[in-house]
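**Q** Given next are the chains, with one letter for each unit.
There are 2 protein chains.
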Amino acid sequence: MTQQTADIQHLKTLARRISLVENEAVGYEQLLEQLPAGSPTRVIGITGPPGAGKSTLVNTLITTLLAQQKTVAIIAVDPSSPFNFGALLGDRIRMSQHFNNMQVFIRSMANRGALGGLSPKIIEVSDVIKAAGFDYLFIETVGVGQSEVDIAGIADTTVVVLVPEAGDEIQTMKAGLMEVADIFVVNKADRDSADMFVKNLRLLSAERHTRDWQIPVLKTIATRNEGVEELIAAIDKHQQQINGQDRRSILMADKAWQLIQHRRMRNVNKQQLQQQIQQALQEGNFNLYRFINNWQ
Amino acid sequence: MTQQTADIQHLKTLARRISLVENEAVGYEQLLEQLPAGSPTRVIGITGPPGAGKSTLVNTLITTLLAQQKTVAIIAVDPSSPFNFGALLGDRIRMSQHFNNMQVFIRSMANRGALGGLSPKIIEVSDVIKAAGFDYLFIETVGVGQSEVDIAGIADTTVVVLVPEAGDEIQTMKAGLMEVADIFVVNKADRDSADMFVKNLRLLSAERHTRDWQIPVLKTIATRNEGVEELIAAIDKHQQQINGQDRRSILMADKAWQLIQHRRMRNVNKQQLQQQIQQALQEGNFNLYRFINNWQ
Chain A
1 MTQQTADIQH LKTLARRISL VENEAVGYEQ LLEQLPAGSP TRVIGITGPP GAGKSTLVNT
61 LITTLLAQQK TVAIIAVDPS SPFNFGALLG DRIRMSQHFN NMQVFIRSMA NRGALGGLSP
121 KIIEVSDVIK AAGFDYLFIE TVGVGQSEVD IAGIADTTVV VLVPEAGDEI QTMKAGLMEV
181 ADIFVVNKAD RDSADMFVKN LRLLSAERHT RDWQIPVLKT IATRNEGVEE LIAAIDKHQQ
241 QINGQDRRSI LMADKAWQLI QHRRMRNVNK QQLQQQIQQA LQEGNFNLYR FINNWQ
Chain B
1 MTQQTADIQH LKTLARRISL VENEAVGYEQ LLEQLPAGSP TRVIGITGPP GAGKSTLVNT
61 LITTLLAQQK TVAIIAVDPS SPFNFGALLG DRIRMSQHFN NMQVFIRSMA NRGALGGLSP
121 KIIEVSDVIK AAGFDYLFIE TVGVGQSEVD IAGIADTTVV VLVPEAGDEI QTMKAGLMEV
181 ADIFVVNKAD RDSADMFVKN LRLLSAERHT RDWQIPVLKT IATRNEGVEE LIAAIDKHQQ
241 QINGQDRRSI LMADKAWQLI QHRRMRNVNK QQLQQQIQQA LQEGNFNLYR FINNWQ
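These protein sequence lines map, in sequence, to chains A and B.
The first sequence runs 1 to 296 under the UniProt record's numbering.
The second sequence runs 1 to 296 under the UniProt record's numbering.
Any given hint might turn out to be false.
Since the list gives no way to pick out one identical chain from another, each pair is judged satisfied if it fits inside one copy or across any two copies.
Under the rule of at most 25 angstroms between Cα atoms (straight-line distance), these lysine-lysine pairs were calculated in the BS3-like manner [what the hints assert, rightly or not]: (1) 121 / 270; (2) 237 / 130; (3) 219 / 188; (4) 130 / 270; (5) 237 / 70; (6) 12 / 188; (7) 70 / 130; (8) 188 / 199; (9) 121 / 12; (10) 199 / 270; (11) 70 / 270; (12) 130 / 199.
For the record, the hints were derived by calculation from the structure and aren't laboratory data.
Predicted model, so just to flag it, every value in this text is computed and none were measured.
Let's have the full structure, built from the sequences with the hints guiding it.
**A** Structure below.
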C-alpha cells in the first residue's frame, strides 16, 4: 500500500466515523467512549462578522501550514439560523483548492443547535477529528449573535477576525467578540482606516490583560498572504499558555453541559408535542404547566 | 378600599407571584399549574437592532393605550449576553415616566438563558402576567442575534422595528428579522432615506404573503407620536387573525420544549461539573463521553 493509498484510507475511515456520530448510528456512543484521552491537535476557532474575510484567511492558513508539512482539518459551520446566506456557499467554494489535498480534511456542518447555540454534534465531531491526530483543527463560524461565544467553548484558541470600519452596530458586535477573543486579527489591513482601528482595538484589549495572556492584535491581508505566519506563531504561543488544567476543565465542563442537555432532550420531539397540545387545546381547559408535568 | 388601593394590592400580588416564579420558590409550580386556561391579554414582542428606537416606541404605545383606558404590562429583557450595553439602561430610564402609573406594570428581566435563547423564565413570567388580565403585554428585546427569533416563540404578534439605513451588516440582520416579523415598523421615518427603505421592505415582505396575513410595513416617528395609532390597529388586526388553533399549538409546543429542557437540566451545575472533571483529569485517562455516561 502506498503512502497515498494509506492516507486516503485514513481519511475515508475518518469521514465514516464522523457520519456515524452525526447520524447517531448504532455504535456511535461506544466510538466516542473509546477516543484516546490526549490529542496533539490544536483546536482553533475562527470567528467574526460576515465579510471579514474569514474563509480567505483560513485558506491562507492552510496553504502556509501545508508548506510547513503540517496536517490540517477544518470544520466549516454553516449556520442553519435565519442568518444563513448565499455568501457562505461562496466561501465553501473558495476553499475548494484544498479539497483533494491529502494533508487536509474539510467537513462542512450545519449548525443544528435547536436553541441557536453550536450543535453538540460539533463537539462530538471535533473530538473524533482530534483523535485522528491532525496538527491543527480549525472551526470556522460566522459571528452573528451567539455562535462566536459558543465557539469559545469548543476551541482552545479563539481567533476573532475583524475588518477596519466604524459604526454603532459593529461596535456592538465587537464587544461580544471582545469577550471571547484570544487573538484579534484585523484583516484587510491595507484599508485607510486600518491603523486607527488597530490602535483602538489594542487599547481595548490591553484592558483585558491577564497574568498569563495579553491578547495580541495582528494585522493581515489574507488575499496577499501577509501576516499569516505571525498569526500561526501567535496561535502556537497561546496554545502553550493554555496547557494548564484550569482552563481545560472549564472548557470541558461547558462541553459536558451541552452534551448532557442534548442527550436528555433527545426523546423530546416538537412535532409530537404540537400534536398532543393541539388535541389538548381542543379538549379545553388547557394548562401548559400541567401538560409538561404529565408529559412523557 | 378605594380603587387605587385595590390596584396597588393587585400589582403587589402580581410582583410577588413573579418573584416566586423567578426564584423557583416553594409553590411556584402549583401557581403555574393553577393559571387559568384563557387570557384576554394580547402578547406583543417588540424587537429590532440597537438604536432603532424600540423603547421610545413602547413608551409612546403605552401613552396612547392609556389614553384609550387600556391596561398595559411590559417585560423589558436585558440581555445578559456579551451584547449588553449601557444604552439599554438608558432605555429603562426613558420609560420611567410610567413606572408609577396604576394601569401599567413594568418588569425588567435578565435574559438568563444558558444557551443564548430567551430564558424559560420569561415564558413563565409572561404567563403569570397574562393571568392578571392586562389588555396588552409588550415584551421588548434587543434583536442582536438569536433573541428576536426566540421572542417570536413567546409573542402572539412580533413587531420588528427598523430604521432607514443601509449597509451589509444591517441587511444580514434584517433577513433574520424578516423571518419573525408579523408587522414591520420603520421608525424615524422622517429621515431622508425612509421612503426608499419602506419601498424595499414592502417588496421583500410581499414575498412572504400568506393566505391569512400580509405583513404590513408601517412608518412611525415615535418621538413625535406619529403612526402609533395605526400600529395599534395593525396589532389588533393581527391578533384577530391568529385566533386559529394551529399557530397557537405551534407556539405552545415551542414553549413546552423550552420548559421541559429547563426542568431536565435544572440539576446540572456547571461548576460542580468542572470540579469533577478537574479531578478526573488529574487522575488521568479522561474521556468526556465515559464521564457523561457515568455522571449523576
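**Q** Does each hint hold? Answer for all of them.
**A** Hints, one by one, checked against the model:
{"no.": "1", "hint": "121 / 270", "verdict": "both (19 angstroms within a copy, 19 angstroms between copies)"}
{"no.": "2", "hint": "237 / 130", "verdict": "within (19 angstroms within a copy, 55 angstroms between copies)"}
{"no.": "3", "hint": "219 / 188", "verdict": "within (8 angstroms within a copy, 38 angstroms between copies)"}
{"no.": "4", "hint": "130 / 270", "verdict": "between (33 angstroms within a copy, 24 angstroms between copies)"}
{"no.": "5", "hint": "237 / 70", "verdict": "within (17 angstroms within a copy, 62 angstroms between copies)"}
{"no.": "6", "hint": "12 / 188", "verdict": "neither (36 angstroms within a copy, 57 angstroms between copies)"}
{"no.": "7", "hint": "70 / 130", "verdict": "within (14 angstroms within a copy, 60 angstroms between copies)"}
{"no.": "8", "hint": "188 / 199", "verdict": "within (15 angstroms within a copy, 34 angstroms between copies)"}
{"no.": "9", "hint": "121 / 12", "verdict": "within (19 angstroms within a copy, 46 angstroms between copies)"}
{"no.": "10", "hint": "199 / 270", "verdict": "neither (49 angstroms within a copy, 37 angstroms between copies)"}
{"no.": "11", "hint": "70 / 270", "verdict": "neither (44 angstroms within a copy, 36 angstroms between copies)"}
{"no.": "12", "hint": "130 / 199", "verdict": "neither (36 angstroms within a copy, 50 angstroms between copies)"}
Hint check: violations occur at hints 6, 10, 11 and 12; the rest are consistent with the structure.
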